[in-house]
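**Student:** Going down the list, the sequences are from chains A and B.
Under the working numbering, the first residue of the first sequence is numbered 1, with each subsequent residue one higher.
Under the working numbering, the first residue of the second sequence is numbered 227, with each subsequent residue one higher.
Derived from the structure by calculation, the hints contain no laboratory data.
Even glycine gets a Cβ: it sits at the ideal position worked out from N, Cα and C.
A few of these clues could be false.
Distance condition first, Cα-Cα at most 25 Å in a straight line; then the derived SDA-like pairs of lysine to any residue [as the list claims (entries may be wrong)]: (1) 52(A) / 355(B); (2) 52(A) / 354(B); (3) 52(A) / 410(B); (4) 453(B) / 380(B); (5) 128(A) / 328(B); (6) 52(A) / 453(B); (7) 13(A) / 118(A); (8) 453(B) / 304(B); (9) 13(A) / 41(A); (10) 453(B) / 255(B); (11) 52(A) / 380(B); (12) 52(A) / 121(A); (13) 52(A) / 353(B); (14) 128(A) / 118(A); (15) 453(B) / 356(B); (16) 128(A) / 353(B); (17) 52(A) / 328(B); (18) 52(A) / 408(B).
Covered stretches of chain A, going by a simulated chain B footprint (3 or more residues, C-beta under 8 Å) [as the list claims (entries may be wrong)]: (19) 54-61; (20) 173-183.
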Amino acid sequence: MTLLSELWLVTAKDLRIEARSRVTLAQVLPFGLIVLILFAFALDPDRGLLPKVAPGLFWVAVLLAALLAVSRAFSIEQANSARDGLRLSGLDAGAMFLGKALAVALQLLALEVVLGLGVVLFYDLTPKAAEVLVPAAVAATLGLAAAGTLYGVLAAGLRVRETLLPLLLLPVLAPVMLGATRAFEAGLGLNGSAGEAWPWVELLALFAVIYTTLGFLAFGPLLEEA
Amino acid sequence: MTTSPEVTGRGGSSQGRLLPAPVSVALGWASLASLVLLALFGLWGAPPDAVQGDAQRIMYVHVPAAWLAYLAFGVTAVASILYLWPRTRSTVWDLIAGSSAELGVLFTGLTLVLGSLWGRPVWGVWWAWDARLTTTAVLFFLYLGYLSLRRIPASPETRGKRCAIAALIAFVDVPIVHLSVNWWRTLHQQATVFNPQLNPEIHGVMAFTLWLGVLAFTILYVYLLDKRYRLAALEEGQEERELETAIAERVADATAPTPAEPTVGATP
Numbered sequence: 001m002t003l004l005s006e007l008w009l010v011t012a013k014d015l016r017i018e019a020r021s022r023v024t025l026a027q028v029l030p031f032g033l034i035v036l037i038l039f040a041f042a043l044d045p046d047r048g049l050l051p052k053v054a055p056g057l058f059w060v061a062v063l064l065a066a067l068l069a070v071s072r073a074f075s076i077e078q079a080n081s082a083r084d085g086l087r088l089s090g091l092d093a094g095a096m097f098l099g100k101a102l103a104v105a106l107q108l109l110a111l112e113v114v115l116g117l118g119v120v121l122f123y124d125l126t127p128k129a130a131e132v133l134v135p136a137a138v139a140a141t142l143g144l145a146a147a148g149t150l151y152g153v154l155a156a157g158l159r160v161r162e163t164l165l166p167l168l169l170l171p172v173l174a175p176v177m178l179g180a181t182r183a184f185e186a187g188l189g190l191n192g193s194a195g196e197a198w199p200w201v202e203l204l205a206l207f208a209v210i211y212t213t214l215g216f217l218a219f220g221p222l223l224e225e226a
Numbered sequence: 227m228t229t230s231p232e233v234t235g236r237g238g239s240s241q242g243r244l245l246p247a248p249v250s251v252a253l254g255w256a257s258l259a260s261l262v263l264l265a266l267f268g269l270w271g272a273p274p275d276a277v278q279g280d281a282q283r284i285m286y287v288h289v290p291a292a293w294l295a296y297l298a299f300g301v302t303a304v305a306s307i308l309y310l311w312p313r314t315r316s317t318v319w320d321l322i323a324g325s326s327a328e329l330g331v332l333f334t335g336l337t338l339v340l341g342s343l344w345g346r347p348v349w350g351v352w353w354a355w356d357a358r359l360t361t362t363a364v365l366f367f368l369y370l371g372y373l374s375l376r377r378i379p380a381s382p383e384t385r386g387k388r389c390a391i392a393a394l395i396a397f398v399d400v401p402i403v404h405l406s407v408n409w410w411r412t413l414h415q416q417a418t419v420f421n422p423q424l425n426p427e428i429h430g431v432m433a434f435t436l437w438l439g440v441l442a443f444t445i446l447y448v449y450l451l452d453k454r455y456r457l458a459a460l461e462e463g464q465e466e467r468e469l470e471t472a473i474a475e476r477v478a479d480a481t482a483p484t485p486a487e488p489t490v491g492a493t494p
């Protein structure tokens with residue numbers, strides 16, 4: 001089998017589990033929307049702050065939801081010793097990493113579409129400059145998914161993984177949070193012009209490439225140890 | 227229970243000490259002496275700063291603390307690579323990485339606290355979203371997570387590999403964080419508040435005191451690293467011995483049935 005078909009096997013498995021259990025859809029997505037509503041409580045909508053800071057709030061909501069999505073991606077390997085099955089499957093560890101990260105990324109992208117709609121509706125924001133926002137969101141999501149999957153396997157199988165994962169992952173994701181927020185702000189014309197978004201998109205892409213490479217190399221040894 | 231005192235602390239592949247005991251003692255005295263000298267120069271020897279007054283004296287410990295933090299994290303990264311490299315794999319590198327990271331977190335925390343104390347009188351605020359400050363804060367949390375990962379009980383091999391990879395993933399993030407924070411704080415602002423402590427025009431007693439601080443803290447680092455390593459190695463030896471004792475007791479229980487009760491269907 002080629003790397004691609006192995007990769008897709010893992011992605012399809014994770015997406016099939018999601019299609020049947022609907023945990024991301026029924027739990028993570030509503031959680032993200034509640035976070036958006038909580039921000040409205042925290043920053044009184046009448047003060048007109050919400051549309052100005054919407055990109056930041058959107059990405060904080062995505063980041064928190066991503067933590068849950070990553071946790072979920074590895075808790076499905078916990079039951080019935082599925083991780084041992086994965087280890088014995090003979091699939092390439094790098095392909096497994098890419099497959100799991102892709103499944104997380106696809107779920108996060110779907111989540112971002114809904115949360116984006118939520119921001120437009122709740123925060124009274126006019127979407128524009130899709131040619132900037134879409135690449136920024138894709139690059140940020142790939143970075144989130146790659147780093148998340150890498151730390152997910154690092155914390156997998158530990159008794160304290162629910163509390164450890166956010167502490168490990170959130171500081172690492174600081175550049176993603178910064179880059180995605182600034183790119184969205186520039187794209188939406190809230191802070192600078194759309195052209196200023198590109199350095200940030202490049203940074204996000206760089207982050208995604210670095211963490212995908214690291215994950216590709218480290219997933220095998222970490223899966224063995226878990 | 228039958229272990230002789232000589233064996234204490236020499237369990238497993240990690241031999242008890244990083245440095246010979248006399249060197250360690252000498253380093254301890256050297257760091258104490260240089261720190262006392264630093265205090266004398268920092269508080270009285272160096273003149274007060276023309277602009278910042280006495281507040282500037284905090285720099286004599288703030289800058290060395292920051293230097294030490296970066297040195298410690300660098301040592302953690304190198305030790306982690308040496309652990310992962312199959313030819314140099316040894317528990318020694320894992321314990322050095324952990325000990326150094328602990329010192330790094332301690333001194334990063336100290337850097338942030340000292341910086342805050344200095345920032346209040348000079349900048350007028352405890353905290354500013356300066357690029358260097360923000361990077362340091364992220365660094366603090368990055369390695370705090372690494373230390374939490376180390377505390378999780380696991381066999382030395384599992385812990386070693388997992389933590390070495392985690393240390394390298396964190397280390398790779400540092401330049402990206404630095405770059406992103408730098409862009410963030412400089413892209414839209416005319417001038418960023420900048421630490422003036424390393425101005426090229428400082429000289430004389432002030433520069434000497436600063437270098438003295440760096441030297442004193444470096445000696446202190448080596449001393450503390452040795453001590454922390456020894457503690458970690460002893461802890462590991464202790465765990466191994468406890469395990470051996472427990473196994474020995476089990477074996478003794480199984481092979482020697484209690485004489486009061488008759489053994490039922492004992493298989494050889």
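**Student:** Hints first: check each against the structure and report whether it holds.
**Tutor:** These are the hints, each one checked on the structure:
Taking the CA atoms of residue 52(A) and residue 355(B), the gap is about 20 Å. The hint holds against a cut of 25 Å. A distance of roughly 22 Å separates the Cα atoms of residue 52(A) and residue 354(B); the hinted pair therefore holds under the 25 Å criterion. The straight-line distance between the Cα atoms of residue 52(A) and residue 410(B) is roughly 17 Å, inside the 25 Å bound, and the hint therefore holds. The suggested pairing of residue 453(B) with residue 380(B) holds, with an alpha-carbon distance near 23 Å, which does not exceed 25 Å.
Of the supplied pair hints, the one linking residue 128(A) and residue 328(B) is violated, its CA atoms being roughly 47 Å apart against a limit of 25 Å. For the hint pairing residue 52(A) with residue 453(B), the CA-to-CA distance comes to about 52 Å; that exceeds 25 Å, so the pair is violated. Of the supplied pair hints, the one linking residue 13(A) and residue 118(A) is violated, its CA atoms being roughly 29 Å apart against a limit of 25 Å. In summary, the hint linking residue 453(B) to residue 304(B) is supported, as the alpha carbons are separated by about 19 Å, within the 25 Å threshold.
Taken as a hint, the residue 13(A) and residue 41(A) pair is broken in the structure, with Cα atoms around 39 Å apart against an allowance of 25 Å. Restraint check for residue 453(B) and residue 255(B): satisfied, since their Cα atoms lie roughly 14 Å apart, inside the 25 Å limit. Taking the CA atoms of residue 52(A) and residue 380(B), the gap is about 47 Å. The hint is violated against a cut of 25 Å. The suggested pairing of residue 52(A) with residue 121(A) holds, with an alpha-carbon distance near 14 Å, which does not exceed 25 Å.
Straight-line distance between C-alpha atoms of residue 52(A) and residue 353(B) comes to about 24 Å, which keeps the hinted pair within the 25 Å bound. A distance of roughly 15 Å separates the Cα atoms of residue 128(A) and residue 118(A); the hinted pair therefore holds under the 25 Å criterion. Restraint check for residue 453(B) and residue 356(B): the C-alpha separation of about 35 Å exceeds 25 Å, so the hint is violated. For the hint pairing residue 128(A) with residue 353(B), the CA-to-CA distance comes to about 35 Å; that exceeds 25 Å, so the pair is violated.
With a C-alpha separation of about 40 Å, the suggested pair residue 52(A) and residue 328(B) falls outside the 25 Å cut-off, and the hint is violated. For a cut-off of 25 Å, the pair hint linking residue 52(A) to residue 408(B) stands: about 22 Å separates their Cα positions. With 0 residues having a beta carbon nearer than 8 Å to a beta carbon of chain B, the segment 54-61 of chain A misses the requirement of three or more and the stated coverage is violated. Note: the segment 173-183 of chain A has 5 residues with beta-carbon separation from chain B under 8 Å; the three-residue rule is met and the coverage holds.
The earlier numbered hints that this structure contradicts are 5, 6, 7, 9, 11, 15, 16, 17, 19.
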